[in-house]
Amino acid sequence: MSEGIVAGKVAIVTGAGRGIGRGIAMMLAREGASVVVNDVGASLDGAGADVGPAQQVVDEIKKAGGKAIPSTLSIAEPQAADRIVQSALEAFGRVDIVVNNAGILRDRIFHKMSWSDWSDVISVHLHGSFNMCRAAAGLFREQNSGAFVHMTSTSGLIGNFGQANYMAAKLGIVGLSRGIALDMQRYNVRSNCIAPFAWSRMIGSIPAETDREKERVARLQQMTPEKIAPLVVYLASDRADGISGQIFSVRNNEVFLFSQPRPIRVIHRSEGWTPAALDEQLKGAFGPSLTPLDRSGDVFAWDPI
1 MSEGIVAGKV
11 AIVTGAGRGI
21 GRGIAMMLAR
31 EGASVVVNDV
41 GASLDGAGAD
51 VGPAQQVVDE
61 IKKAGGKAIP
71 STLSIAEPQA
81 ADRIVQSALE
91 AFGRVDIVVN
101 NAGILRDRIF
111 HKMSWSDWSD
121 VISVHLHGSF
131 NMCRAAAGLF
141 REQNSGAFVH
151 MTSTSGLIGN
161 FGQANYMAAK
171 LGIVGLSRGI
181 ALDMQRYNVR
191 SNCIAPFAWS
201 RMIGSIPAET
211 DREKERVARL
221 QQMTPEKIAP
231 LVVYLASDRA
241 DGISGQIFSV
251 RNNEVFLFSQ
261 PRPIRVIHRS
271 EGWTPAALDE
281 QLKGAFGPSL
291 TPLDRSGDVF
301 AWDPI
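First residue of the sequence shown: 1, per this note's numbering; consecutive thereafter.
Simulated from the structure, these hints should not be mistaken for lab results. Check each hint, because a few of them may be wrong.
Pair ranges (Cβ atoms, derived) [what the hints assert, rightly or not]: (1) 242 <-> 295: 25 to 35 Å; (2) 259 <-> 116: 28 to 38 Å; (3) 8 <-> 287: 47 to 57 Å.
Positions of the beta carbon are idealized from the N, C-alpha and C atoms, including for glycine.
My request is simple: use the sequences and hints to build the entire structure.
Below, the structure is given as structure tokens:
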């Protein structure tokens, strides 16, 4: 472990008690990092708390010869984020990596979405990511180094039904990451996003009755949470120098680089525009380039490789 790609570094991973976060924490430890395993132990919709998941991952890391401590504080609270960073300093003396992975789901068709469905998802995903980044930013500035890796989603980048809250949070994280990358590049601090695909309880209800359906589910099950970890660890390492403000995705053995919004068409009238003039010209000029109302599955229409 002392010779890994992140040897000697200290990482904080939120939502690290299960799934993708657990895989990231385990690989960071295997690659030489000391890890703060943060997880409140809540259910998928954010209810409840359990100290067990974080402690179990810490025990696994230590059993394998690594260094880790648990944290069960909620990243939705700024003061808790400060305490999480402070616990890393007290245990390991520094912080080099923050992985914002924690999140909850409250899927509802939009006209039935409550304020709590909206605000709770935003609080954990977007506010929580801000809180963790802000808590570590001063340290990163002082030491002139640091790496943030955030989990976004193709639901936010492309779209999905019943996830307006989750989509807004995940696309907001892209803006947060880009802003950090721009503001902190002078301090040698990098910030990137990953949209992960992984088999989990969230997609575990896909029907598998026919032979073809069973074959497809078997391919989807190859997208284990652990397959997200290598890109996270690489982006967190010094080897990723010069890569910042980017959006990646991992789907089984595929790694994607996403485009980011840029102007693609322009129309101009020297005398200015009226609604009638726009009606006459806009659809014809922009129509072929308008982004369709796709869902993530429409864009990623082939099975994972």
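Hint check:
1. 242 <-> 295: 25 to 35 Å: holds (33 Å)
2. 259 <-> 116: 28 to 38 Å: Roughly 34 Å apart at Cβ, these two residues keep to the hinted range, so it holds.
3. 8 <-> 287: 47 to 57 Å: holds (55 Å)
In this structure, none of the earlier numbered hints is contradicted; all agree with it.
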